[in-house]
Structures are given as structure tokens and as C-alpha cells.
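Asker: Sequence:
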Amino acid sequence: MLGIHAISEISVKEIERLLDLADEYKAGKGTRKNLNGKTVALFFSENSTRTKMSFTLAAQKLGANVLDLNEDTSSINKGESLIDTAKTLEAMGADCLVIRHKESGITRYLQKHINIPIINAGDGWSQHPSQCLLDLMTIREYKSSFTNLNVLIAGDILHSRVARSDAEALRKLGATVSFAGPKTLMPPETKTTLWPECLKDTDVLILLRLQKERQEQGLLSSLNEYHNLYGLTEENLELLPKDSLILHPGPVNRGVELADSVLENPRSKIHEQVKNGVFARMAMLYTAVEGRKIVEISA
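Using the numbering used here, read the sequence shown as starting at 15 and increasing by one per residue.
Treat the hints with care, as some may be off.
Said to hold, decoys possible - The calculated DMTMM-like cross-link candidates involving lysine to aspartate or glutamate, where the alpha carbons are at most 20 Å apart (straight line), are:
1) K289 with E38
2) K75 with D34
3) K126 with D109
To be clear, the hints were calculated from the coordinates, so they are not data collected in a lab.
Please put together the full structure from these sequences, using the hints given.
Answerer: Structure, rendered in C-alpha cells:
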């Protein structure tokens, strides 16, 4: 199957190739690996700042033209199906589609109907491979190896496509992954560790955005209580090893997942994640469009 749909479908060797290429772009050494004359079409049916803007910048840095399809002003509003929309973009000459959608598995489904690669920019609660790749890139910059790293993912695991993608990739690369958070925000039968005591043995802490609508659904009593029980406060920060990393996919709810001061702490690599997102997505775009053999997956 063409495209990049789920991190679970990509081998360790392919992940490492993508990371190596992203590092090349960041170092300014990948100028010959470009998409000059190609066209990348973006279709985001959910709100996004970091993912959408960094895919746009990534395509532009590679020399590609960018089409931005707005659902509100497209024929989808007239009842056109997603399949017909994808086929239309393919017929117009797009070389790659980047899609974010609320329906899990939608990119795999659409890929069966068109012959240009699709990159999953986030599908429902399922997968977020580009966020995963930039997280791996950031971790690899500061840690010599993924092997035996203790990674803690904290927050709303149940509804998080980032948690699913990151956990799958990190375990595949040799890291130990554990989870922390309220039981109401955990998938059934998920083993959790005791917060904040678990921070003492954590090499990498990945905090997840708390979706505030969960409070409206009765899964949380209050955002303030969440911060007090599971937030990374200044007091909890002291439990983390001095060489640990703090990551967050964004957007950050200040005073909920972490205290304001923590965001600017030297251990926080959240801004570096955003920077690396452009280079990671450059690697994904180039690989999907020009290096298809690297990411061709058995259907």
C-alpha cells in the first residue's frame, strides 16, 4: 500500500531512514532531495495549527506547490464523497494528499481508491504518524539510543492518537513505555503507574493535551483538580532526573498539563518539537512521493 498511514505499519529500518533524512534536512544537507515541480494537497477536516502549518512549510521548503482544500468551501459541503474529492485532486495532478479527519482509518480506506500516496495527519483516536516521527527525532537528538529508555506517557490516553503512535514506535525501537493518568481516561485493562512517584525513573515524559470537553462528559471533576493530581507542577518537576526530557504534542493547556514555569524549563523540549516537525514532515513527504519503495506496505 502506498502512503504513510500508521506507525505500526512501518518497520524499524524504515523509521530510522525517515529520521536520518529528517536530520539531513535539519542540517541543511538534503537540498538534492526535493519535490520541485510536485504538488501536495492538504485536506484538514479538523482544526490544526502545528501539523497543518508545518506540512505546508515542509512542502514549500521542498519546492512543492501546495493546495489547501477548505471543507467549508469545497464540494463536500454539497454532498460530494471523500472518495470523489480525492479522485478529483488526483485528476488535477496532485502528487500527494495529506489528510486529517475525525474518522479512524480513513486514509487507508481512501488509499484503496487512488494511485497517489496519502499521508495520515491524524485520524480520529487512531494514529498520528507525523507527530510520532517528530517526537522520535527530538528524543534521538538528546538520547544516544531508544534501547532501555523509560518513557512515561501521561494524560488522556484513551482518546489520544499521539499516545497510540508513540507507544507503538517506542516499544518497537526498544524503549519501555508506561502510562499515568485518571482511570476514566485510560483504555480498558491498561496498567498505570503511580503519579508522581513514577517520575523518579523517567527518562522521557510525554504529556498529552487534556481535551476540555472530557470535563463536560463527566470524565473529570475539574481542570484544577486534574492539574493538582496529574499535572507537572514545579514540585513534581523536582522528581524528574536532571537529564530527562519533557515533551508535549501541543497545544499546551497552561496550568492544566503543566505549570507555566515548566514550559520554559531547560528539560522542556516542546519548542524543539515544533521546530523538528517541519523537518520530520519534509522527510515523510519526500519519502512518500519520491521514495515509495521505502514505505510500500503489504495491504
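Asker: So which of those numbered hints doesn't the model satisfy?
Answerer: none
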